[in-house]
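Spelled out, the chains give:
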Amino acid sequence: MRRIISTMLLGTAIALAGASAAMAQDKTIKIGVLTDNSGLYADLGGPGSTLAAQMAIEDSGLTAKGWKVDLVSADHQNKPDIGTAIARQWIDVEKVDVFMDVLNSGVALAVNNVVKEKNSILIDTGAATSDLTNAQCSPNTIHWVYDTYMLANSTGQALVKAGGDTWYFLTADYAFGHALERDTTAVVLKSGGKVIGTVKHPLNTADFSSFLLQAQASKAKIVGMANAGGDTTNTIKQAAEFGIVSGGQKLAGLLLFITDVHALGLKVAQGLNFTETFYWDLNDGTRAFSKRFSERMKNKAMPSMVQAGVYSGLLHYFKALEAMGGNPHDGAKVVAKMKEMPTDDALFGKGTIRADGRKLHPAYLFEVKKPEESKGPWDYYKLIGTTAADQAFRPLSESVCPLVKK
Amino acid sequence: MQALYAQLLVGLINGSFYALLSLGLAVIFGMLNIINFAHGALYMMGAFVAYFLLNLGGINYWWALLLAPIIVGIFGMILERTMLQWLTGLDHLYGLLLTFGIALIVQGVFQNYFGSSGLPYAIPDQLRGGMNLGFMFLPIYRGWVVVFSLAVCLATWFLIEKTQLGAYLRAATENPTLVRAFGINVPRMITLTYGLGVGLAALAGVLSAPINQVRPLMGADLIIVVFAVVVIGGMGSIMGSIITGFALGVIEGLTKYFYPEASNTVVFVLMVLVLLVKPTGLTGRAA
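Line order of the protein sequences matches chains D and B. If you want the working numbering, it's the position in the first sequence, counting the first as 1, plus 310. If you want the working numbering, it's the position in the second sequence, counting the first as 1, plus 4.
Take the hints with a grain of salt, since some may be wrong.
[Unchecked claim] Listed below are several chain D residues computed to face chain B (Cβ distance under 8 Å; list not exhaustive):
| id | residue |
| --- | --- |
| 1 | LYS428 |
| 2 | GLY507 |
| 3 | ASN514 |
| 4 | ASP517 |
| 5 | ASN544 |
| 6 | LYS547 |
| 7 | ASP570 |
[As the list claims (entries may be wrong)] Covered by chain B, per the in silico footprint, the following chain D stretches (three or more residues, Cβ under 8 Å):
| id | stretch |
| --- | --- |
| 8 | 344 to 351 |
| 9 | 519 to 532 |
| 10 | 572 to 586 |
| 11 | 601 to 614 |
| 12 | 698 to 712 |
Since the hints were made in silico from the structure, they are not lab data. In this text the structure is predicted, and so the values were computed from the model without any measurement. Cβ atoms here follow ideal geometry from the backbone N, Cα and C, with glycine treated the same way.
Bound conformation, chain B alone (with noise of 0.2 Å):
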């Protein structure tokens, strides 16, 4: 019973990484209609960004938690604003194969000059050691990503389902020209969602650098999972992919305690069951 517990725990660390992700993906769906392959290499670009910040910059973790998101959302508001915005009113099979284009090469190019097995990256020294909570010891990294990433989690759903800038968003999705038409700049706005789709990859990068290794294929190996996730949640739901994100981080948690050679596919096949069912996911509405 104790193992339950633990495994629970870890389910819900993993978890958060889907839920950053699969929320960024979410919004980046959501508002742009563009299903963006490219997450995965921009998340690992966060963790390398933190990288280089340490080891040439001298700058810590804390503030590669800031700066990591800015740089590779800068990144991305570059790529939106010279290729993706181009496919605005195209199918989406566009994006996804540009994205996914992008994806390979940002990739090809890290791991021409860094090779395979990644760099390392220490631990923080304040969120160093763990704490023995009777049923596990539980390293004090990982209480702090759960926290930190549901914290974050919780802001993003707040500032697009709650605030004022939240509510041109949403309507310039809905309908561009009539937003326009009240002097809405739509076009910087969906940069800007953009950028903040990829600063959330990016800051997950961030927390899972000390973690796993800094590797140019981290991205790639989990990405597959999280567009799963996604696509389970309902395309473009936030909370949905937020409450999806951690429900499976927890089931394949306990897929690698009850059958572990299962437990890369738990997830697929729940994406399978769920699209039979209910073909636009848990929260998704009808199109």
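In isolation and in its complexed conformation, chain D is listed as follows (with noise of 0.2 Å):
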């Protein structure tokens, strides 16, 4: 009788850990969109990056299919230490499976970080520094949209050849600022240019005339913007008032989007040339898809490439839950799955995910329309010039990320 009872014990036991096993590959998914909600950044990412989750949620069409896909979203406010607190709530208590935009770059190293101690997924759609998928790079990690070294690369060739071989840098003082200053130099002097000087600004910064003076004193062809958001619109703006373009000077935004382009109007912004890797009006797909994204969000903005990325890179996490038939609930096991399979999406066309978590596609060189070439609200760019994906980003031979065989 009592071999009866512990043998039923047994099996309820073998049973039981089964039933966990099972419970442990579901159909329940939890996003997180960590952001910048409320401040200079929340344009270009922010409610319309949430948004853009939403979307591809639906667009998926896995809740049909039996699947539990839930959405939070939070505001890290531009610091770290929020960042890396919500980060830790989110996965411990809230059991996030997967972070989406986490724009920033002094907060997406910090966040890396804690995903990567914790095996979560940080799909990085928003920060620019290179480090994410170099020195910083992480199992857990996929770098979406851009990254310093493409910007670079794309922009700081293209005026150099043009002949602006003296830079002097505005940069932003923080990770970014730093990442996207050292790879432009980097380039700049490869291409045979010179830098000039540079002066650090602190983020969020409202009056840039110190400074452009400066810039303007150092008489260099290219003025270099290492920085983003608002801090780009108030310089681009400031610079024209103090005559640097009609002295001569030539502006070079490293990092524009589509909104700080709006926010600008074509008026100031015309003739700038930058890199994208998203624009809405680049093909069909992208128009369909921005055009639904643009009736939903409350201002009609059109999607930047870091919202872009949000829907993009979801779609492809999806894919690759359900070619698992289910959700392991383990990071580095879903990137990895995630870098074996080819992406493909409407909004960035074809593309792979590298061993060290870099995604690569096409980056678009643009130069804003003069207002005279604008059809209508939102008809902002001219395409002048595209890098295949395979030449856009850092060569892996230049790569020092441990993840990457040799």
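Fit the two chains together into the complex; they arrive one by one in their own frames, and the hints show the way.
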């Protein structure tokens, strides 16, 4: 009798263990959009990124296939300490499976560490620093949209080739600005140019006149803006006022988003060259998505490349989970699967994810249209050059990422 | 050396915004004893009103300079009548919390509808271009800002310190009951004073619209510095806040040249030093 009971207990235990193993791989997903919801980057990520995630969930049709997908969003206020605190809470308490957006390089590098430590997933579409797939690369992180190396490579090289061989940098004084300046300097030097000077300004500066005067006095041919969002728009606007461009110097927006161009207006922004990997008016696929997106935005804005990246990255993540037949809630395993599968969506076209976590797709060099060339609201860019996916990003031969086998 | 002159001048331009804003704060604190944290939001509203006047009503910059302060001033007076007046006699903390809350709500509403990167506002045609001063290229608009705000600051100082009306105002803060006994409507005067302080903030907003983006958070970024200016100058001192405003603009400008990384902290370092040495501020009287 005792034996029967113990056998039964053993059987129950095995059954329970089996059940919990099945529990580990289930059909629930929780997505966390961690972004700047209220500060200077809120327009290029922010609520638009959450909307893009929402649209990805709807378009994936997962709910109809019996999956349960939850979406949460939080504001990291551009502060790495707040970002990591939210990340820990999301992973430990709320069981978030994947972090999306995470713009601001300072926050991204901090969250990158937490995600690695806790074996979660970071699909970064907002941060710029190329360190995410180089020195700081992680088996849990994919860098989706763009990075400082790519921006420097495309915009920097094009400008030096066009005769801009002396540079002066206006740099946002944190991880992102430093990375962008470093990567651009490397490209400028390699292309035969020279960097005359640099000035580092605090993040979120309202008045750039002092810095612009220093740039003007340097007589450099190119004033490179290694900043983003509100900082860049203020720089451009005030540079026009101080006659930087009319004085013969050229402004280089190393990182500019469509929301910045919209905020500046074409009159001020015309003629600027910069690089993006997504523009709403590239092809039928991007136009269809952007139209739907814009209709649901409160201010009818077109998607930025960061927001488009959230949509595209999530769709690929969903595909990987479907291929695995469920969600194992094991970050590194899912990321490995995502790297195995080629990417393909309407916004970024066909692409791949490299061993170091770098997502590859073409980079486009744009010029802002003159007001008379624009046919309507948000018709802002002229495509003037394309760098192929395998040329756009840092080659693996230069990588110091330990995930890359040499 | 030439670069130094340029930085001094640029500092003076920023100083004029600090002066205009801290002046309004000083007037409100001096007369109403309210620490007006909504000042930054009202400054932002001034810029937005100018934007709306231009884009919806076709009303140009010059009229906006007059109309925006009046419109925002009326908004301020409504705030004072409906909310702030109930705080008379209570601890400063209540006024601070209330106005801070108002600021958050106003900014939140604007951000909800207009996003964070802001809207463009062009420099008026008459003030376009610039002149070469030899040591720097001075945009005409910036020169205009310095001259105009200096004039407004001095006019306000004159109004409060040298006129009959100003005398009533100052008396009403000292002893409202006695002034009321002379047949002067003190509550109305206080409302109008708040309106004046708010109007000054809105005026600064209009002035800054063509330089900066018209953004919901433009005031939030500025207000903390302006509070430091007021503390350094001495709470409630009119002339003190004008002079400190311009002076700190210049000091900040120089920091941007010599050690740019510290440019957004230098004002606070100074504030700490001043508070350690002279807790009432540079021109403040002991309470």
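- Which of the listed hints are not met by the structure? 1, 2 and 12
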